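Asker: Counting along the sequence shown from 1, when you hit position 46 you're at 45 in numbering that gives the first Met the number 0, and nothing is skipped either side.
Mixed in with the good hints there might be a few duds.
Pairs of lysine to any residue, SDA-like flavour, derived with a Cα cap of 20 Å [unchecked claim]:
#: 1; residue 1: Lys-149; residue 2: Leu-183
#: 2; residue 1: Lys-149; residue 2: Arg-198
#: 3; residue 1: Lys-28; residue 2: Asn-85
#: 4; residue 1: Lys-165; residue 2: Ile-34
#: 5; residue 1: Lys-161; residue 2: Gln-5
#: 6; residue 1: Lys-28; residue 2: Pro-186
#: 7; residue 1: Lys-168; residue 2: Phe-156
#: 8; residue 1: Lys-164; residue 2: Asp-19
#: 9; residue 1: Lys-28; residue 2: Arg-198
#: 10; residue 1: Lys-165; residue 2: Gln-5
#: 11; residue 1: Lys-161; residue 2: Arg-142
#: 12; residue 1: Lys-20; residue 2: Lys-168
#: 13; residue 1: Lys-98; residue 2: Lys-165
#: 14; residue 1: Lys-161; residue 2: Gly-143
#: 15; residue 1: Lys-28; residue 2: Thr-179
#: 16; residue 1: Lys-32; residue 2: His-9
#: 17; residue 1: Lys-28; residue 2: Arg-72
#: 18; residue 1: Lys-25; residue 2: Asn-85
Bear in mind the hints are in silico, worked out from the structure with no lab data behind them. These numbers were taken from a predicted model, which means no experiment stands behind them.
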Amino acid sequence: MKFGKQLRLHLQETLPDWRDKYLCYKVLKILVKQISTTADHDYRWQVDADAADAVGNVHGDLNAHDHPERNRRVIVFHQSFVRILNEELQKFNYFFLEKEEEFIIRLQIQQELQERIELNCSNSESEFSEEMMNIGRDFVAIRGEMMLLKNYSFLNFVGLMKILKKYDKRTGGLLRPTFTQLALRQPFFTTEILTRLLRQCEANLERTFPNIRRSH
Numbered sequence: 000m001k002f003g004k005q006l007r008l009h010l011q012e013t014l015p016d017w018r019d020k021y022l023c024y025k026v027l028k029i030l031v032k033q034i035s036t037t038a039d040h041d042y043r044w045q046v047d048a049d050a051a052d053a054v055g056n057v058h059g060d061l062n063a064h065d066h067p068e069r070n071r072r073v074i075v076f077h078q079s080f081v082r083i084l085n086e087e088l089q090k091f092n093y094f095f096l097e098k099e100e101e102f103i104i105r106l107q108i109q110q111e112l113q114e115r116i117e118l119n120c121s122n123s124e125s126e127f128s129e130e131m132m133n134i135g136r137d138f139v140a141i142r143g144e145m146m147l148l149k150n151y152s153f154l155n156f157v158g159l160m161k162i163l164k165k166y167d168k169r170t171g172g173l174l175r176p177t178f179t180q181l182a183l184r185q186p187f188f189t190t191e192i193l194t195r196l197l198r199q200c201e202a203n204l205e206r207t208f209p210n211i212r213r214s215h
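Using the sequences provided together with the hints, build the complete structure.
Answerer: Below, the structure written as structure tokens:
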């Protein structure tokens, strides 16, 4: 299955308020298709050599007036393309960090509630079981969203790589290696904290359901 179709199917199944947080793959693909493939080889390489230096700049700025007039349209196009890529990275990072912080808070609340219920043994067994079951459901929901966020990181990174590959193939350039290194250093691709939170959530699930079983 092609990535575009895979992403489209995933977006149909994901949480509605997450859908606009993913890579605008279709838009970027349309932009890449607009690049002319009739330009001569030297011309394409000249443009990309200058453009590669712009990747480290958040806005991908280039001085079009320093290039021949025939290059200006390509330079402006590249500026827009790199700017969109950087804006996408910022979008990924903001959403990813926001969700990580949300998970930390939600886990803490559930853990404190779990501890209070365990300490308050005066409740009847049925009340205890029902309360622990509710907590268990919340942990399951949180874990599901964490797994979704981990998949979010992976899909967006793969999408970026595929778009950059298409761009380089179309232009004859080398934007992909440089931008890949930039993407690998972004918060949305650094999942150590998320992995730790997942393990913490799973440990709480294991702790919750044995308590439910023991109450019967």
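Asker: Each hint needs a verdict: does it hold in this structure or not?
Answerer: Verification of the supplied hints:
| no. | hint | verdict |
| --- | --- | --- |
| 1 | Lys-149 with Leu-183 | holds (15 Å) |
| 2 | Lys-149 with Arg-198 | holds (13 Å) |
| 3 | Lys-28 with Asn-85 | holds (16 Å) |
| 4 | Lys-165 with Ile-34 | holds (11 Å) |
| 5 | Lys-161 with Gln-5 | holds (13 Å) |
| 6 | Lys-28 with Pro-186 | violated (24 Å) |
| 7 | Lys-168 with Phe-156 | holds (18 Å) |
| 8 | Lys-164 with Asp-19 | violated (23 Å) |
| 9 | Lys-28 with Arg-198 | violated (37 Å) |
| 10 | Lys-165 with Gln-5 | holds (17 Å) |
| 11 | Lys-161 with Arg-142 | violated (29 Å) |
| 12 | Lys-20 with Lys-168 | violated (27 Å) |
| 13 | Lys-98 with Lys-165 | violated (31 Å) |
| 14 | Lys-161 with Gly-143 | violated (27 Å) |
| 15 | Lys-28 with Thr-179 | holds (17 Å) |
| 16 | Lys-32 with His-9 | violated (24 Å) |
| 17 | Lys-28 with Arg-72 | holds (19 Å) |
| 18 | Lys-25 with Asn-85 | holds (16 Å) |
Hint compliance for this structure: hints 6, 8, 9, 11, 12, 13, 14, 16 are not met, and every other hint is.
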